[in-house]
Amino acid sequence: MNRMERRLVYMDYNATTPLRPEVKAAMIEDLEVFANASSMHEAGRRARARVEEARARVARLVGADDPERVIFTSGGSESNNTVFATMFHLGRAGSRRGIVTTKIEHPCVLNAAKWLEAEGFPVTFLDVDEYGMVRLDQLRASVGPDTLLVSVMAANNEIGTIQDMAAISGVAKAAGAFFHSDATQAVGKVRVDVREWGVDYMTMSCHKLYGPKGVGALYARPGAPLEPLIRGGHQEHGFRAGTYNNQGILGFGLAADLARAELDEYSARVRALRNRMRDGIVASVPKVRVNGHPESVLPNTLNVSFPGAEGEAILLSLDLEGIRVSTGSACASGSLEPSHVLLATGVGPELAHGSIRFSLGRDTTEAEVDYVVSKIGPIIARLRAMSTVSY
Amino acid sequence: MSDAFAWLYSDVVKEHFTNPKNVLNPDEGFVSNAEGMTGNIKCGDQMMFLLRIEGDVIADARWKTYGCASAIASTSMLSEVIKGMGIKEAYNIKPDDIVKRLGGLPDNKIHCSVLGDKALRAAIDDYLAKNGREGEFRNEGARIICSCLNISDRDIEEAVKQGARDWNGLQERTKIGTVCGGCKTAAEELLHEYVHIFA
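Chains as they are written, first to last, in the working numbering: chain A, 1 to 391; chain B, 1 to 199.
Possibly wrong hints are sitting among the right ones.
Some chain A residues flagged as far from chain B (calculated, every beta-carbon gap over 10 Å) [claimed, not checked]:
| no. | residue |
| --- | --- |
| 1 | A35 |
| 2 | R45 |
| 3 | V51 |
| 4 | K103 |
| 5 | H106 |
| 6 | G144 |
| 7 | P222 |
| 8 | Y266 |
| 9 | R289 |
| 10 | P338 |
| 11 | T365 |
Here are the in silico distance ranges between beta carbons for each label pair [what the hints assert, rightly or not]:
| no. | chain 1 | residue 1 | chain 2 | residue 2 | range |
| --- | --- | --- | --- | --- | --- |
| 12 | A | S296 | B | E15 | 43 to 49 Å |
| 13 | B | D107 | A | S296 | 36 to 42 Å |
| 14 | A | K213 | B | D107 | 25 to 31 Å |
| 15 | A | S296 | B | E35 | 45 to 51 Å |
Far from chain B, some chain A residues (derived; all Cβ distances over 10 Å) [as the list claims (entries may be wrong)]:
| no. | residue |
| --- | --- |
| 16 | A26 |
| 17 | G63 |
| 18 | G91 |
| 19 | P145 |
| 20 | G377 |
No wet-lab data here; the hints were simulated from the structure. Note that the structure is a prediction, hence the values are computed from the model and not measured. Yeah, the Cβ is synthetic: ideal placement off N, Cα and C, and Gly gets one too.
Build the full structure now, drawing on both the sequences and the hints.
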């Protein structure tokens, strides 16, 4: 192909996002403030004020009335694990021990739940329907007086399906169970309100919303018990010890503020691009399957199965064209099992192996979408032509 | 494109992935007298070899695969290597030989190159069967796993093809590991691999 036509197109924003230039500039400026935000002297107080301003900004993004209940962590995995560690302590002390979660959670929730299961906690992994939605009847049947925690992700990282949070929280509340949601993929992409969703705990990550890596947060409703995962000093009211990550936290606060201000514009613009891409692929590639919910879906996430072509081969073909995506194929992960999320939606392994996740972002342009659509057709045709699988 | 991160695998893999050799083109009317297929798309890879064998020499070969870049590249490489080769020699090609020619593959990708030689052997077995020589190469290139009872990797492969899915099933069919039992770990690894490929 003509080298001049080659573009670099990043379409893996659910994996991580680039740092916004304004956030990067503010973090670089903040590097001059080296003081420990726990120090009592003036420099320490100034550093601490920036941390608390960031906390208020993050709280505002998710509708939390009480910023003190936003606890900064190292990221989504730590926030999720803090909740499960809390349940470990509560379960050992009390009579409720049941954990109800889903088959489509991020590995850090799945593995934390499996840890509790190994510790003797009864754990239920709920099925989802063909769109990736939790079946409310199954949820109701699984939750009872012994249930300690219901943990359901707000939006799925692979297929983008957004759960009916208010309904799920209603079921958990009615049974007297705590409700946790891993909202890592939702925060910054769709409107998130901890009161409307009725969450007791909610996990957030900063690097998914154009902020730095290595910082996240856990929201805990006032009154919801919390056990520290990391013990030490009195930072974060004793819920999370460790010297403040000043620059990371400052970057998180600014990224959260910008995400809140731009949410409607971002959502409308990216959804239009995502739908343009979906329509373009469906029109130009025969026999594809669009995964995830048709409406209740993240504005930026498009997951497509290409029968007859294998995911890693598609991913690497796109990579050679400068296009960065993810796949649910087992071959890419080095395991033998394809995406647990797609399998849970009832997509057969044959289709799951041939699935690609395109996740768009605030920098995505119409020209990029059209470029990817123009490249995907010939790539799929080439792989299908050498495939043993008829489709 | 010269930096180390521009491509995931070796340049040879890239060449065979982007320009695979000897892919079956349905329009060319390729005439074959040996066909073999192996793998399972449920596991993410499946391969088919078509050979034209003349006087026990592979005159020409075509293939198709549903699989990842490594699978495509290793099948392509294998199809080049076997042209003009005697069927007995081709039957003895090891996945390692192909991996070396490809400039290496990551450990978790070696599996992809194993399927190519299995499909090739299936095609040669098909040729032998069609010519009244069924099973003639059964013990070619075989590696003894259970030295007490002289049971090879080929015997384990055959047992899996016949329906063995676990250690008990394998023992029922082969009696493997019923004397000293020292082969169990190695045999179970092969069992797992073959169940993945053939089941």
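These are the hints, each one checked on the structure:
1. A35: Holds, since 38 Å exceeds 10 Å.
2. R45: For A:R45, whose nearest Cβ neighbour in chain B is about 44 Å away, the distance exceeds 10 Å, so it holds.
3. V51: The claim stands: A:V51 keeps its Cβ more than 10 Å from every Cβ of chain B (closest is about 36 Å).
4. K103: Correct as stated: the minimum Cβ-Cβ distance to chain B is 18 Å, above 10 Å.
5. H106: The assertion about A:H106 holds, with a minimum of 22 Å to chain B.
6. G144: It holds; A:G144 is separated from chain B by about 36 Å at its closest Cβ, greater than 10 Å.
7. P222: Correct as stated: the minimum Cβ-Cβ distance to chain B is 47 Å, above 10 Å.
8. Y266: holds, 30 Å
9. R289: Consistent with the label, A:R289 stays out of reach of chain B, its closest Cβ about 15 Å off (over 10 Å).
10. P338: violated, 7 Å
11. T365: holds, 24 Å
12. A:S296 with B:E15: 43 to 49 Å: holds, 45 Å
13. B:D107 with A:S296: 36 to 42 Å: holds, 40 Å
14. A:K213 with B:D107: 25 to 31 Å: For B:D107 against A:K213, whose Cβ atoms are near 28 Å apart, the range 25 to 31 Å holds.
15. A:S296 with B:E35: 45 to 51 Å: Given a distance of about 48 Å, which is inside 45 to 51 Å, the answer is holds.
16. A26: holds, 30 Å
17. G63: The assertion about A:G63 holds, with a minimum of 41 Å to chain B.
18. G91: holds, 36 Å
19. P145: Check passes; 40 Å lies beyond 10 Å.
20. G377: A:G377 clear of chain B: closest Cβ-Cβ about 17 Å, beyond 10 Å.
Against the hints set out earlier in the document, a violation occurs for number 10 only.
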